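The listed protein sequences correspond, in order, to chains G and X. Numbering-wise, the first sequence is residues 1 to 242 according to the UniProt record's numbering. Numbering-wise, the second sequence is residues 1 to 242 according to the UniProt record's numbering.
Mixed in with the good hints there might be a few duds.
[To be verified] No farther apart than 27 Å at their CA atoms in a straight line, the calculated lysine-lysine pairs in the BS3-like style are these:
#: 1; chain 1: G; residue 1: K149; chain 2: X; residue 2: K149
#: 2; chain 1: X; residue 1: K186; chain 2: G; residue 2: K149
#: 3; chain 1: X; residue 1: K186; chain 2: X; residue 2: K149
[Said to hold, decoys possible] Across the chosen pairs, the derived CB separations fall in these ranges:
#: 4; chain 1: X; residue 1: E151; chain 2: G; residue 2: A125; range: 17 to 27 Å
#: 5; chain 1: G; residue 1: A125; chain 2: X; residue 2: Q216; range: 18 to 28 Å
#: 6; chain 1: G; residue 1: S134; chain 2: X; residue 2: H92; range: 54 to 64 Å
#: 7; chain 1: G; residue 1: E151; chain 2: X; residue 2: S203; range: 14 to 24 Å
#: 8; chain 1: X; residue 1: G111; chain 2: G; residue 2: E94; range: 50 to 60 Å
#: 9; chain 1: X; residue 1: G111; chain 2: G; residue 2: G91; range: 51 to 61 Å
#: 10; chain 1: G; residue 1: H122; chain 2: X; residue 2: T167; range: 40 to 50 Å
#: 11; chain 1: X; residue 1: R101; chain 2: G; residue 2: S213; range: 24 to 34 Å
#: 12; chain 1: G; residue 1: V95; chain 2: X; residue 2: G111; range: 50 to 60 Å
[Claimed, not checked] Derived coverage of chain X by chain G (criterion: at least 3 residues anywhere in the stretch with Cβ under 8 Å from a Cβ of chain G; other residues may be distant):
#: 13; stretch: 174-184
#: 14; stretch: 188-195
#: 15; stretch: 200-206
#: 16; stretch: 213-227
Read the hints as simulated data drawn from the structure, not as lab findings. This one's a predicted model, so the numbers in the text were calculated from it and none came from an experiment. Each residue gets a CB set at the ideal place from its N, CA and C atoms; glycine is no exception.
2 protein chains.
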Amino acid sequence: MLFFTQCFGAVLDLIHLRFQHYKAKRVFSAAGQLVCVVNPTHSLKYVSNRHAVGQTSTEQGSLHSHHPLETVHDPQLIPCMCPLFSCQWEGHVEVVVSHLRQTHRINILHGAEIVFLATDMHLPAPTDWIIMHSCLGHYFLLVIRKQEKYEGHPQFFATMMLIGTPTQADNFTYRLELNRNQRRLKWEATPRSVLECVDSVISDGDCLVLNTSLAQLFSDNGSLAIGIAITASKVHAAEAEM
Amino acid sequence: MLFFTQCFGAVLDLIHLRFQHYKAKRVFSAAGQLVCVVNPTHSLKYVSNRHAVGQTSTEQGSLHSHHPLETVHDPQLIPCMCPLFSCQWEGHVEVVVSHLRQTHRINILHGAEIVFLATDMHLPAPTDWIIMHSCLGHYFLLVIRKQEKYEGHPQFFATMMLIGTPTQADNFTYRLELNRNQRRLKWEATPRSVLECVDSVISDGDCLVLNTSLAQLFSDNGSLAIGIAITASKVHAAEAEM
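Isolated chain G (complex conformation) (with noise of 0.2 Å):
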């Protein structure tokens, strides 16, 4: 009888730790299968003053703090720029996928892992590479920036906001991987709200920053891979146990 029951416990044990090293191949595996072609917005045109514009234009300005809003709660209630840097378009963050989709012609992937691949990578900057990216009942918006911070020596930004409140954009992780010649670099952080401005983020350097140099490391023949991965943070998923 004792056999019996240890042999029970085994096969238990067996079935906690497939599942456990499947859950951990899945949270480190190197890069996703949906390869998502993006081209630069070569269409729109940098605007320098465009954060200047935010904070005169009324009170809806104020809303683009760099601090979460932790007192709003509904988030057809929070008026908000287009958060792509040419565009003066304001409205409710319900409605910023629409005018995403519509108005810039950004497409949108399905799937927690992508890799996006972002060609022309030499064009000089300003430039954006943009997607969204459905996953986990969010909209996810991924943002490549191009840019000089210091003259003549131009930089990449790779960062993920959530098209939803910081405190929504709390409960999850984005992973951005790139991993080619026997490097891989990755980054990890909890996304950003839209209703932060992108600009300030990069201004920030709170996200993956690459040197030109590295960059080239990383791409094949103009185009950067980049992996990208969205998992729920662990204060979610426990409440999603629940």
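Go by the hints and put chain X onto chain G.
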């Protein structure tokens, strides 16, 4: 009989999975246990014409090329310069470790996974933080350098070099990991050999590069903790198993 065979199979499977799971956890664990506090090398003055000195000093200088020395098999026969920027010592690869210990008082740490705590990150560029790391039967040199590639904009460059030949270096992979404030940055690459110049690795940008803002995000009270792990690469590991 069939039941007993199945039970035995399940137990074997369990042992295999426990080993795999342990390996997966070990490879991707956040940080090692051993913490090493490393102060900046205040006493070393930056010699900007170091590279020029290397190039003009007899025929030994010609060995400091950026290309792997594939034809050389015996490390004892290879003369090399001290990998520190301010020292003009020259000797064989085999005695670099004792030179670094005795002349520069650089400590040696043991173990495959350690945490390197670089203090006083606010000090002006150029500054170096250096440690030797003994594992897998070899000595590695970790260098963090604060340097102004663009005037007025200091950056941090972190790399690991094998105190050995480029062919030996190809057998390993090193990983540097920063983890703080819900952000994680990982860099994995093959270490370079000390026969290649640290300066050239940094000027190529083929290392972990941090802007000041990103370094501040990962720093705690002026100190930057970097988790280090070294593993034998697949080919080498497969040879060891044979």
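Verification of the supplied hints:
1. G:K149 - X:K149: holds, 13 Å
2. X:K186 - G:K149: holds, 23 Å
3. X:K186 - X:K149: Since the Cα atoms of K186 of chain X and K149 of chain X sit roughly 22 Å apart, the hinted pair holds (cutoff 27 Å).
4. X:E151 - G:A125: 17 to 27 Å: At 19 Å between Cβs, range holds.
5. G:A125 - X:Q216: 18 to 28 Å: holds, 24 Å
6. G:S134 - X:H92: 54 to 64 Å: holds, 59 Å
7. G:E151 - X:S203: 14 to 24 Å: Cβ of E151 of chain G to Cβ of S203 of chain X: about 20 Å, so the range 14 to 24 Å holds.
8. X:G111 - G:E94: 50 to 60 Å: About 52 Å separates the Cβ atoms of G111 of chain X and E94 of chain G, which means 50 to 60 Å holds.
9. X:G111 - G:G91: 51 to 61 Å: holds, 55 Å
10. G:H122 - X:T167: 40 to 50 Å: violated, 34 Å
11. X:R101 - G:S213: 24 to 34 Å: Taking Cβ atoms as reference, R101 of chain X and S213 of chain G lie about 33 Å apart, which means the hint holds.
12. G:V95 - X:G111: 50 to 60 Å: Holds: the Cβ-Cβ distance is about 55 Å, inside 50 to 60 Å.
13. 174-184: Answer holds; 3 residues pass the 8 Å Cβ test.
14. 188-195: holds (count 3)
15. 200-206: Since three or more residues must qualify, the claim that chain G covers the stretch 200-206 of chain X holds, with 3 doing so at under 8 Å.
16. 213-227: With 3 residues in contact (Cβ-Cβ under 8 Å with chain G), the coverage given for the stretch 213-227 of chain X holds.
Hint compliance for this structure: hint 10 alone is broken.
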